[in-house]
Amino acid sequence: MDLQSLSMYAAITILMAPLLAVYGLPFIAGARGFSYLAQLWLGERSRFVIASAIAALGIAPSYDVYKSPVPIYARLLDGAEVSGPFMLASFLVTWIAVTALAYQIGRVLARRNP
Amino acid sequence: MINRPSKLLFCLLLLGVQAFSLSAKAGTLAGSVSSGGKPLAGTMVTVFDTAGKRRDTVYTDPNGHYSITVDFIGKLQVRARTPYFKDVTQNIDLSSDAQKSFDFVQERHSVAAELSESLPASAHLSTLPWASQDSRAAFVSQCNYCHQVGNALTRTPRDEAGWAATVHRMEGYFAVLTNRQAQDITKALYQGFDGKEVAAVEKYLFNTDLVHARIKEWVVGDGLTFVHDADVGFDEHLYGADEGHDVIWELDRKTGRIDEWKEPDIDLPVGGVFSGMQLPIGVFSGKHGPHSIAQSADGRLWITNALSSSLASFDPATKKFKLYELGHSHLYPHTIRIDKQGIIWFTIVASNEVARFDPKTEQFEIIRLPDGGFWRAVSHYLFPTVLKIASWFPQQNMPLAVTHTKWAFQGHDAFPFPYGIDVNPIDGSIWYAKLYANKIGRIDPVTREVTEFDTPLKGPRRLRFDPQGNLWIPAFDDSGLMKFDTRSHRFETFKLPLLAHNEYEVPYALNVNPKTGDVWITSNMSDRIFRFIPGTKTFVTYPLPTRVTWLRDMVFTKDNAVCSSSSNLPAYGIEGGLASFICLYPDGEPGTKTATPIQSAGAAQSILASINASNSKH
Numbered sequence: 061m062d063l064q065s066l067s068m069y070a071a072i073t074i075l076m077a078p079l080l081a082v083y084g085l086p087f088i089a090g091a092r093g094f095s096y097l098a099q100l101w102l103g104e105r106s107r108f109v110i111a112s113a114i115a116a117l118g119i120a121p122s123y124d125v126y127k128s129p130v131p132i133y134a135r136l137l138d139g140a141e142v143s144g145p146f147m148l149a150s151f152l153v154t155w156i157a158v159t160a161l162a163y164q165i166g167r168v169l170a171r172r173n174p
Numbered sequence: 080m081i082n083r084p085s086k087l088l089f090c091l092l093l094l095g096v097q098a099f100s101l102s103a104k105a106g107t108l109a110g111s112v113s114s115g116g117k118p119l120a121g122t123m124v125t126v127f128d129t130a131g132k133r134r135d136t137v138y139t140d141p142n143g144h145y146s147i148t149v150d151f152i153g154k155l156q157v158r159a160r161t162p163y164f165k166d167v168t169q170n171i172d173l174s175s176d177a178q179k180s181f182d183f184v185q186e187r188h189s190v191a192a193e194l195s196e197s198l199p200a201s202a203h204l205s206t207l208p209w210a211s212q213d214s215r216a217a218f219v220s221q222c223n224y225c226h227q228v229g230n231a232l233t234r235t236p237r238d239e240a241g242w243a244a245t246v247h248r249m250e251g252y253f254a255v256l257t258n259r260q261a262q263d264i265t266k267a268l269y270q271g272f273d274g275k276e277v278a279a280v281e282k283y284l285f286n287t288d289l290v291h292a293r294i295k296e297w298v299v300g301d302g303l304t305f306v307h308d309a310d311v312g313f314d315e316h317l318y319g320a321d322e323g324h325d326v327i328w329e330l331d332r333k334t335g336r337i338d339e340w341k342e343p344d345i346d347l348p349v350g351g352v353f354s355g356m357q358l359p360i361g362v363f364s365g366k367h368g369p370h371s372i373a374q375s376a377d378g379r380l381w382i383t384n385a386l387s388s389s390l391a392s393f394d395p396a397t398k399k400f401k402l403y404e405l406g407h408s409h410l411y412p413h414t415i416r417i418d419k420q421g422i423i424w425f426t427i428v429a430s431n432e433v434a435r436f437d438p439k440t441e442q443f444e445i446i447r448l449p450d451g452g453f454w455r456a457v458s459h460y461l462f463p464t465v466l467k468i469a470s471w472f473p474q475q476n477m478p479l480a481v482t483h484t485k486w487a488f489q490g491h492d493a494f495p496f497p498y499g500i501d502v503n504p505i506d507g508s509i510w511y512a513k514l515y516a517n518k519i520g521r522i523d524p525v526t527r528e529v530t531e532f533d534t535p536l537k538g539p540r541r542l543r544f545d546p547q548g549n550l551w552i553p554a555f556d557d558s559g560l561m562k563f564d565t566r567s568h569r570f571e572t573f574k575l576p577l578l579a580h581n582e583y584e585v586p587y588a589l590n591v592n593p594k595t596g597d598v599w600i601t602s603n604m605s606d607r608i609f610r611f612i613p614g615t616k617t618f619v620t621y622p623l624p625t626r627v628t629w630l631r632d633m634v635f636t637k638d639n640a641v642c643s644s645s646s647n648l649p650a651y652g653i654e655g656g657l658a659s660f661i662c663l664y665p666d667g668e669p670g671t672k673t674a675t676p677i678q679s680a681g682a683a684q685s686i687l688a689s690i691n692a693s694n695s696k697h
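Protein chains in written order, with my numbering: chain A, 61 to 174; chain U, 80 to 697.
The following block holds chain U by itself, in its conformation from the complex (with noise of 0.2 Å):
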């Protein structure tokens, strides 16, 4: 049992600190999360406003307890959600300056349906049975590319047609696959999602960082939006490129306001150059297809817009668009970054170039990286000619009739897709990394000299720099991180922490703090966030309240969040239907910073341990 008076001591003190930093419209609430007399570490504690757009969250210490700063009041819902516990949810009434104590008592599920819908889609991943391992690879490359697979959504049992039908539809949205792996995934999602419940035995490991941390989601848009990357501008505001809808999101996240900025129209059909491809492209009902997001120094915010192969530049002061063409055998501009000089830099996936734009001169200069083999080769030169043909049938997927990932029985490997690039701080020099073909590169900034290395795990995906030129790769194939040494080019690699064995992460992108050198990576099947301290060489997993979280691009604000866009595809199999941004904020957000005693780490791993064993007899 939880001690009485000291608890009561404990939130009395909470709230003396609380009402101390607090803003005149905020609200709090303190208690305990405990389950058969036991406390609960880690659970998430969230809460919700009345309009449903935006969710605070917290976790409990070791002795169960959590206190949370809203700035936001009126009848609110706050929900505890702790792994293998049933959800519990109250609505309260909270005005302004109000301090509530709240306690939840959580009960372990025992009913082995309830138990397996509240599991991750990475419990439900590890049930497909496969009849190889190159379409098992093919799967996680290629279906898991902007959503979970075994979430709610996507675990919904249908027939062999219907999966055979999904599957074709996801071809038409670029997932890259031979006949043979296209039916292997048919077969294994029929035969996986059969509707059963899942037996998995998942490790939550506690650590005592959570406590200080707190999550806050911002809801954005429909449940047709695609926020795909998300910066932060040097006003601090989080700007989010929608490639669903061609719009700008702009999120003020001291006062919850969002705007929302419309690009341009242009002289393109919807589907922007690859209008002949199946439409709409996931949501995209578009012509833009805005993707990646970086600020120059001169305040503007540059977008690549991936479908209308053009870059465009915002002024957030005058909140003014100004497009720039590419030309359209240019496909599929992706992520950008900028140099110390100002010269905006990015990848272009689909006909494996960089593209360097100096915005002083407006001009483009177009980098072409080695073929890396005559089918890849095949793809770069005659892709465009297609896509062009195909233009002239729109929907109609016409692409897929001809390419040679079907008939040459390439799949994915017709293509290299260099995918995430950065800048060296400590040369200047470009890095990318070739997605499909395990590679990454180097390009000389003054004489545009490539070179090129294998990576030990496959999937080298969105790539940054530290401070001190080491470049950090997310392994998406391979549920992997590596360090590559510029200097000596050596790799090592470190395996991410799974749930379960027989589980498995896409890591879709990372970015290091530049004060902590801590290596943030988004985990994307587990609904978790990992912080990677890599002096220790040790990872901190932090779980995520809201199911079916989906993250892109990771900014750092200059409060010390962590922050990036929800963006599964489609927004609404996100558990309530829409995308948001999301920051944490791994030592509590300043001004509602609350100094929670921990006992000891020593006691919360004890407890967590009694969980977890408790959870394999189960």
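Same shape as in the complex, but just chain A (with noise of 0.2 Å):
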């Protein structure tokens, strides 16, 4: 894949965030569950990034042949195939992504409310 073909499929993902964070809802909610259930006996940052991995299973996105992300699961469900390669590689580019996200959001949370 070229530069160019790679800044269209950013550009397009970055777009489409909202979308994938909505069908990505299930399980951010999982996550959230998790993250609260898990204070009794895991530390925070490893809930932060388990948490996070959880929310980006259900985000990472693969491209159908309009080159439009739906979520890898939303597309197994629906039938579709997926490589293991690329969904591993989908799956560890939105893990940073969230985890990037989440931790930048928290941060803007906990200075308006200190």
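Do not take every clue at face value.
Simulated crosslink set (PhoX-like; lysine-lysine; CA at most 25 Å straight-line) [claimed, not checked]: (1) A:127 / U:467; (2) U:117 / U:179; (3) U:399 / U:333; (4) A:127 / U:266; (5) U:439 / U:399; (6) U:637 / U:398.
Output of the computed footprint for chain U on chain A, the stretches with three or more beta carbons under 8 Å from beta carbons of chain U [stated by the list, open to error]: (7) 67 to 78; (8) 127 to 137.
Derived from the structure by calculation, the hints contain no laboratory data. The structure presented is a predicted model; accordingly, all values stated were derived computationally and were not measured. Just so you know, even glycine gets a beta-carbon here, dropped at the ideal spot from N, CA and C.
Using the hints, put the two standalone chains together into the complex.
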């Protein structure tokens, strides 16, 4: 994949991020639930990283014939095939992105409500 | 059998009349068409010139007689074409002032595959198996948008992946579909166009009005030419806006001369503001995409440039263009009309606007039309931005990746698409049709107040006023014609005459003859033109000689012809492979008109009735 195609996929994914987040709502809720329940036996950093991974599972996109991003889980439920390496790569990139975004949101919230 | 002495007398009479009225280089052919000893009425006899650039056609009368005078000579081809019969073509050598007699004997198709090949697209379409009415409706609206489906080019069998790729490519050309509709259409095309012959039974109703009619075609451009609209100038030349090549074609119908005028270059990539879409869009290899054309009182032609979001003027006297840029957020300037004050009005389809341009001040005024719902508002506010971002990634079709027409399952409902426009001759108000929203609307020319009305039939496309202020509207999606009384706000609807009950038409445009009040309507799926006579509420149908005839705006000339551009997209899908200007002279062409005797309308009807009855048996 050339740089231009990569940038286009990035632009598409950013534009469609709100929709991906909507698709990922059940997983985001699960991540929040996990974070709450696991505070008894896991440290904050570990909980944060694992909760981000759960959310990323529901958001990590694959792309259809129109290059339109849909979460991998939704495509699998729809009976589509997604390659293993692609799923792994998409999940890892999304995990990093979700972790970074959640971290930033956490910092902003902490600043507003010290 | 046709009576031989009477035939000879008929031919001599015709030739005598012709000789009186011909120009020096004209030649005349006359004769008869029959099958099995019976005359064929309504046969299209077409004469092709040596270079294949001209085609003139007349219809045979109830006795199978025809006469045609052409202003081109040399080695010509003559073809007799009758539905359900095999074409007969002959080469002839016609010298100046020559008068020849030529009879045709046609044979009825007896091989199913050959008959199937001869049927129009509408017959082949009737075989498509639809999974749902929604998908069929989306197909009618979106897949016949600018070309026939079911003609020889588009019904070639493919595997399912091949059809999926085709549908995907068409979506890049603005066919707006949901994923479900795209899948259903792919499947229907794959299953329906399987290469097996179609056993359609179509009814071609002969009308004695055809006997006087003459059709002239002038081939223009190349296989990628797309003469979207044609207009007739004060000089009686036809001007055609070639959206494929950024060119205005000028045809002098008297001499047959065709000139090409190229629009000036502009600082945009190929595809204009749509450069991020799949390119070329259809066959559009330019930057402007000249689309619609109208002439103002000062003689200038005004042209909407769909791809470059601009308006152009063209002076036929100096052959000079001038460009007026609208701004790239105003997407796809479309149909153009000019009011009595010389103000230019045009629709802007993809941004739900009507533009008003005053040539004196050279200022635009943009009138934003009612959105008509949340998702349509989303379209209008976001689409320009999406196209801007998409232009960073040329030809990648990025808008399809992010469009809510798919992820919000809106399909073409996400756009209202203000399309046709016209000026009410009674009060100067501006009326437009919203193609996808199934509405018509009125703009008050003074207050700019907008009022909209729902149409009873779907797909209101290019509407026109009659001199009494009635609005006539073709219903593209519903094979219909609508009349709207702008005073009482009442609609009247009429079904177009189909060739068979399971076929459909996609009437793109119409126009009202200011002298007769007749409404001329394009058919576009069956290679015909309709004439609707409001007084009797009846249709006259004119079969057209060239297969894959897809007509746009219709205009009237001073010599009583109704003219249009034959602009199926792509032109190489048209029989002969090229676009053309086409004029139908319902009462014959002045100067070459011949009085063809018609024994009686009843006789003609009985002959055609026997042909149709015979068709039913087949």
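Now the hints, each set against the structure:
1. Restraint check for residue 127 of chain A and residue 467 of chain U: the C-alpha separation of about 18 Å stays at or below 25 Å, so the hint holds.
2. At most 25 Å may separate the alpha-carbon atoms for a hinted pair to count; residue 117 of chain U and residue 179 of chain U meet this at roughly 22 Å.
3. Restraint check: the Cα-Cα separation between residue 399 of chain U and residue 333 of chain U comes to about 23 Å, which is no more than 25 Å; the hinted pair holds.
4. Distance check on the hinted pair: residue 127 of chain A and residue 266 of chain U sit about 21 Å apart at the alpha-carbon level, within 25 Å; holds.
5. In summary, the hint linking residue 439 of chain U to residue 399 of chain U is supported, as the alpha carbons are separated by about 18 Å, within the 25 Å threshold.
6. At roughly 23 Å between alpha-carbon atoms, residue 637 of chain U and residue 398 of chain U fall within 25 Å of each other, so this suggested pair holds.
7. Coverage of the stretch 67 to 78 of chain A by chain U holds. Counting CB-CB distances below 8 Å, 6 residues qualify, and the rule asks for three or more.
8. Look at the stretch 127 to 137 of chain A against chain U: 3 of its residues bring a Cβ nearer than 8 Å to a Cβ of that chain, three or more, so the hint holds.
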